[in-house]
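Q: What follows is each chain in one-letter form.
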Amino acid sequence: MSSGDPREPLPGRHEPFLGNAYEALNQGEDTRWAYGTGFADPLAGVDTRVPEGVDGADLAAYCLMLGDDALIMSHRLQEWCAHAPELEEEVALANIALDLLGQARLLLSRAGAADGSGSDEDALAFLREAGGFRNVHLVEAENGDFGQEMARLLVFATWRLALLDRLAGSRDPVLAAVAVKGVKEVAYHRDYAAGWVVRLGDGTSYSRRRIAEGLAAVWPSVPELFVPHEVESRLAAAGVGVDPATLREEFDAVIAHVLTTATLTPPAGPGGSAVPRGRDGTHTAALTRLLDEMQSVARAHPETTW
Amino acid sequence: MADLQEHFDHTIEQDRRVEPRDWMPDGYRATMVRQIAQHAHSEIIGMQPEGEWITRAPSLRRKAILLAKVQDEAGHGLYLYSAAETLGADRAELTAMLIEGRQKYSSIFNYPTLTYADVGVIGWLVDGAAICNQVPLCRSSYGPYARAMIRICKEESFHQRQGYELLLTMMKGTDAQRAMVQDAVDRWWWPSLMMFGPPDDASPNTARSMAWKIKRHTNDELRQRFVDMTVPQAEALGVTLPDPGLRWNAERGHHDFGPIDWSELKRVISGDGPCNARRIAVRRAAHEDGAWVREAATAHARKTEVRT
Amino acid sequence: MSEWPLYEVFVRSKRGLNHVHVGSLHAADDETALRHARDLYTRRNEGVSIWVVRSDHIAATSPDEKDPFFAPSGDKVYRHPTFYTIPDDVPHM
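Residue numbers (the numbering used here), protein chains in the order written: chain A, 19 to 324; chain B, 8 to 315; chain C, 19 to 111.
Bound-form chain A, shown alone (with noise of 0.2 Å):
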């Protein structure tokens, strides 16, 4: 607002409901208050050519990793509507769920660009087979009780905060712009299953156990997210990925200090099993069985616009 008399009416206020509260904050810019609509589109201006000396299917396989990881878990956050413990988390779980499904959907779009193949976002995201998706079994695992969700969240936004952090300074601009744009949505997801991780394991004492549980379930996943796929290791020399070993250090010094604030100890190692290996498209039943769902009405009419 500029200087002036606070009293002269600005412009682009509107008709009805003069003169209470909410007119008064929103000022005839509807776009402040979250209609699902009126963002900024983040790739404005942004050149979309594949970058010199960049395999375009190394580009899309890559994106495919990151979006799917992001489209899955937005999976599971959405499986929390109208279940969540309390009517404020059923909005912070899907401000969450909305982030990383918005954040998917800028990846897909970009992998069905830079492999030429010109697939949508539906395409890649309705049309794949399980084991055409690459994401890191994490997220593809089954819903547990509100302590899990919130260790899984903790785990994979730390994670993936790391990841967004070091992919902001990419040789890919779009991955740069989503990047830059998912480090301040993933910040804030950390933060939240972080307080939760803190407030369960500092709760009850039927609470600690239920979060060291919970913990104890998600571990098992960890190994898989620092393993780098040949793909994310030939694009990171070209210096348009990450090499996720890189961010074990970030990952364990954050995880550490949050579970010393929920007075609890990191759950043992896996104990030597093998690593998943989801970047290759193997999967759990789980995943099957999300796909199933998430896919059927797109299958039961396919060539449809919706």
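Here are the simulated lysine to aspartate or glutamate pairs, EDC-like style, with alpha carbons at most 16 Å apart:
1. B:LYS220 <-> B:ASP22
2. B:LYS179 <-> A:GLU321
3. B:LYS310 <-> C:ASP47
No wet-lab data here; the hints were simulated from the structure.
Fit chains B and C to the known structure of chain A by using the hints.
A: Chains B and C alone, transformed into the frame defined by chain A:
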């Protein structure tokens, strides 16, 4: 006491708002609490029929829109519970009344959502009917309720638009999509008309609510307005409203419409609708399963307070 | 059953404007109250300032206090003295 009553009456008569700490008749307070609570419960229960389709939305854009919409409904529930709390009711008590069946919510949410077209029709007809009901409530005599309604109405208009736009897109699509839309319209039309409540001659509380300016229009007036608004929208969409008696009456300047089966409404309100038990069971499970989480947060807050 | 306390929420929509009361919510502590307020009352938009305060920490007069018919404010019936009105002749307060 007589002075307080006179002052209250004067406030209403002058079209001024009643605010939380003002004196108000017990009947006014009880009516407001009941109305706001039922409205809040409706928003929260109303998350379920559409929420069931978020994970199955047929495009990522539709998924984002639906998720944002259902999230808004949680937000609307919160605005309304917060308005009810200014009258001395608290959310825990109101939630207990809901899951124990001692307070009602809108019967419309006891119908099932059978296809994705239902998401569009709920936006168009159910949210459209809600807007007709709610826009006058922005001038309701109780200040906190009126202010909550302003914000809710703004967001509801986005809800109605997204629903109508989905239906337009489907009507331009395949035969199967068009058939889904018509089927959903056939199922939701009459329940939408019932959302305005019983006819005026069978609505004993209307007169008092009108006198208190809690309500601004009668049920039948609002229902007529909704029908008049919706008929041209249905034509533009290319669907048939399932009422052979629906026609323009030039003399009245309104559409005539066929008789409403009030026995069905009574049946659904009294708990015999297709989904009553399921809706309450979901809400109850969320509340009860979440108790340990809420308790943990309270316990942690107490510990933190002691430490600092 | 332990219910989270009620908080009142005030939002500054942009620089140059006052914080305005927008509603209330429940939270276990101040920090979560701020988070919930951000989620609920500003959804995902940045650049606003939010205040939250425990409802039972607010001292309030009645909107009608200058009126001869003002009822005493010490009553315990209306536990939540919230939702200040903005008079019609003061736009954008």
